Amino acid sequence: MDFINAIVVLTNFTLIPALAYGSQLALGAIFVTLIYAVLRFANFATGDMMSFGTMFAVLLTYYFQSIGLGLGFLPTALLTIPFAIIMMILYMLLIDKFVFSYYRIKKSPPVQFAMVSVGVMFVTQAIIRIIIGPSDRRFLDGEKFILKATEFKEMTGLNEGLTLKSTQAITIVVTLIIVSIMFWFLNKTKTGTSMRAYSDNEDLALLSGIDPKRVVLITWVIAGILATVGGILYGLDKSYRPFVYFNNMLPIFAAAIVGGIGNPFGAFLGGYVIAFAEILITYAYKRFIAYLVPENMEPDSLMQLLSTDYKFAVSFSILVIVLLIRPSGIFKGKTI
Amino acid sequence: MAFFEGTQMTAGYGDGPDIISSCSISANRGEIVAILGPNGAGKSTAMKAMLGLLNLKSGSVTLDGKDISKISPQDRVKQGISFVPQTKNVFAELTVKENLEIGGFLREEGLDKMIENIYNLFPILSEKKSQIVGQLSGGQRQQVALGRALMSEPSVLMLDEPTAGVSPIVMDELFEHIIKVKKTNVAIIMVEQNAKQALSISDRGYVLVTGQNKFEGSGDELLNDPEVRRSFLGG
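Taken in sequence, the protein lines are chains A and B. Using my numbering, the first residue of the first sequence is number 336, and each one after it goes up by one. Using my numbering, the first residue of the second sequence is number 52, and each one after it goes up by one.
Keep in mind the hints are simulated off the structure, nothing from the lab. Computed from a predicted structure; not experimentally measured. Ideal Cβ placement from N, Cα and C applies to all residues, glycine included. Treat the hints loosely; a few may be bogus.
List time: in silico DMTMM-like cross-link candidates among lysine to aspartate or glutamate, alpha-carbon distance up to 20 Å [what the hints assert, rightly or not]:
#, chain 1, residue 1, chain 2, residue 2
1, A, K442, B, D66
2, B, K129, A, D546
3, A, K442, A, E537
4, A, K525, B, E160
Using C-beta positions, here's what the derived DEER-type ranges look like [what the hints assert, rightly or not]:
#, chain 1, residue 1, chain 2, residue 2, range
5, A, R473, B, L157, 26 to 36 Å
6, A, V453, B, L157, 52 to 62 Å
7, A, S436, B, N90, 36 to 46 Å
8, A, T524, B, I122, 51 to 61 Å
9, B, E204, A, P469, 51 to 61 Å
10, B, T235, A, V453, 51 to 61 Å
11, A, K479, B, E178, 54 to 64 Å
12, B, N90, A, V579, 54 to 64 Å
13, B, D223, A, S436, 45 to 55 Å
14, B, G185, A, K523, 18 to 28 Å
15, A, N522, B, R158, 18 to 28 Å
16, A, V434, B, R281, 54 to 64 Å
Whole structure, please, built from the sequences with the hints as guidance.
This is the structure:
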C-alpha cells in the first residue's frame with residue numbers, strides 16, 4: 336500500500352504536471368525550430384509572440400463571458416483560439432513584411448536576424464503592455480478538475496490523492512492533435528515536402544520552381560497556430576502574465592536545441608525532456624521517500640535537489656551541456 | 052540557329068571584372084555538348100550565365116528562337132531548362148522519392164508516371180526510393196540529382212561537373228546514364244574536368260580560356276587536335 340501511495344504522490348506532483356508543461360514547451364519549441372529551419376534565424380521574440388496571441392484569447396474570453404457565450408464545462412478560451420490565431424498570424428505577417436523580409440532579401444547573416452528579432456521582441460512587449468498591461472490574469476472558467484484529490488481518495492482508499500486538472504488534460508489532448516496534424520502536413524503533403532526541401536537546400540528548391548514567398552507565408556501561418564495554442568494552453572494551466580511568457584523563452588530554446596534545432600520531432604520530444612528535468616530536479620521528494628523507507632528513517636529535510644526558484648537554471652544547464660557535448664542535439668538537427 | 056544558344060555573352064559577378072567575354076555556346080536537342088578548359092576559364096560562369104544566375108553585360112541567350120536573356124532563373128526553369136549544380140545538388144534530408152517529387156513540383160499532372168520513367172532510367176533509385184538521400188553513395192546521389200532535374204521533363208539539361216568526386220567506375224556509369232538521357236531528345240550541356248572521357252561521349256565540345264572561346268569542334272576533332280591535346284588533355 337505504501338508503495339502505491341509513493342507512486343501516486345510522484346504521479347500527482349511530477350508526471351502529470353510535467354506532461355502538461357512539456358506539451359506547452361513542445362509547441363513553443365516546434366515554433367522556434369520551424370522558424371530556424373525555414374527562415375534561418377533564432378527568433379528571440381518567441382515568448383512575446385506567444386504572449387501576443389494569448390492576449391487576444393484573454394480579451395476575447397472576457398468579451399465572450401460578458402455576452403454570455405461559453406462552452407459549458409470547457410473553458411471559454413477554447414472558443415477564442417481561432418480568432419486569436421488569426422490575429423497572431425496577421426501580426427506575424429505584418430512584422431515579416433515590414434521587418435524581416437527586408438533582411439531576408441538582403442540575405443543578412445543569421446546573427447543580424449537574431450538581433451532584429453530582439454527588436455521585434457521589445458516592440459511586441461510594448462504593444463502588449465499598452466493593450467492589456469503587465470499584470471497577472473486568470474481567464475480559466477468551466478470545470479476546473481476532472482479528478483479531484485478527495486474523490487480519488489474515496490475511490491481507492493489511499494492516503495494520497497491524485498488530481499487531474501481539466502487544463503492539464505486539455506493541454507495534452509490539444510497538443511497531440513495539433514502536433515499530429517502538423518507532422519502529417521509536413522511529411523505527407525506536397526506543400527509540406529516543399530517546405531522541408533526549402534529548409535534543406537534553398538537554392539535547389541528555387542531551381543525546382545518552389546515559390547519562396549509561399550513557403551514563408553505558410554511557415555508563419557503554422558508558427559502562428561503553434562505560438563497561439565501553446566500560449567493559451569500555458570495561460571489556462573497557470574495564468575497569463577506577459578513577463579512569465581518572456582521568461583519561458585529559455586526553456587523553449589533549450590527544448591528546441593536539445594531536440595536538435597531545425598528538427599520538429601526533436602523539438603517536440605525536447606519539450607518533454609526539459610519539462611521533466613525541471614520538475615524532477617526541483618521536486619521535494621520527502622513524502623515520496625517517507626512511504627518507501629521504514630518509519631524511523633523518514634528524512635528530515637525536504638529532499639529537494641534545487642529550489643523551484645532555480646528551475647530556469649536547470650534548463651540553462653541542460654542547454655549549456657548539450658551545446659558542449661552534442662551541439663546537434665538528440666536528433667541531429669543543424670549544428671549551430 | 053541552335054535550339055539553345057548563348058551568343059557573345061559577357062558577364063561577371065557583381066561589379067567585379069568580366070569572367071567571360073564574348074563567349075558563345077550552343078546546343079541542339081539530342082546532343083551532348085562539353086565545356087572544357089583550365090581552372091578559372093569561366094566554364095561554370097558561362098553555364099550560370101545561360102541559366103540566368105548572373106546578369107549578362109552584353110550578348111543574349113535564346114531558347115527555341117525566343118530571347119530569354121531578361122527572365123529570371125526560375126522562369127527559365129519553367130521554360131524547360133534544368134540545372135544540376137556541382138555541389139548541394141540534392142535535398143539530402145529528403146527521401147529519394149521526395150527529391151523526385153520536388154523535381155516535378157511544377158507539374159500539374161503525370162507526376163507518378165514521370166517518377167516511374169525516372170526509375171526505369173535509374174533502376175537503383177527505385178530500390179532506394181524510401182531512403183534518405185544523405186545516406187546514399189556519391190554515385191547514387193548524382194543519379195538522384197539527375198533524376199530530380201529530369202522530373203520537369205526539360206528540353207535542356209545543364210550539368211556542372213557531374214562526375215566531380217566520384218570514382219572512375221562510377222564516372223563511366225554516370226556517363227552511360229547521361230547518354231541515356233540524351234536519347235530522350237534532351238539538349239545536354241556539361242562542364243567537365245575529366246576532359247578526355249567527357250569528349251568521348253560528347254557530340255561537340257568547347258574549350259574556353261580566360262573566358263573566351265579558344266577551340267570548338269566535334270568530340271573527335273578536339274580529341275585529335277594536337278594543340279588541344281598538348282594544352283588540355285595531357286599529351
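Hint check results:
1. K442(A) <-> D66(B): holds (18 Å)
2. K129(B) <-> D546(A): Distance of about 12 Å is within 20 Å: holds.
3. K442(A) <-> E537(A): holds (12 Å)
4. K525(A) <-> E160(B): holds (13 Å)
5. R473(A) <-> L157(B): 26 to 36 Å: Check failed, 51 Å falls outside 26 to 36 Å.
6. V453(A) <-> L157(B): 52 to 62 Å: Given range 52 to 62 Å: violated, Cβ gap about 38 Å.
7. S436(A) <-> N90(B): 36 to 46 Å: holds (38 Å)
8. T524(A) <-> I122(B): 51 to 61 Å: violated (30 Å)
9. E204(B) <-> P469(A): 51 to 61 Å: This hint holds: roughly 59 Å between Cβ atoms.
10. T235(B) <-> V453(A): 51 to 61 Å: holds (53 Å)
11. K479(A) <-> E178(B): 54 to 64 Å: Given range 54 to 64 Å: holds, Cβ gap about 57 Å.
12. N90(B) <-> V579(A): 54 to 64 Å: At 59 Å between Cβs, range holds.
13. D223(B) <-> S436(A): 45 to 55 Å: Distance hint for D223(B), S436(A) holds at roughly 47 Å.
14. G185(B) <-> K523(A): 18 to 28 Å: holds (20 Å)
15. N522(A) <-> R158(B): 18 to 28 Å: Holds, since N522(A) and R158(B) (Cβ atoms, about 20 Å apart) stay within the stated range.
16. V434(A) <-> R281(B): 54 to 64 Å: holds (59 Å)
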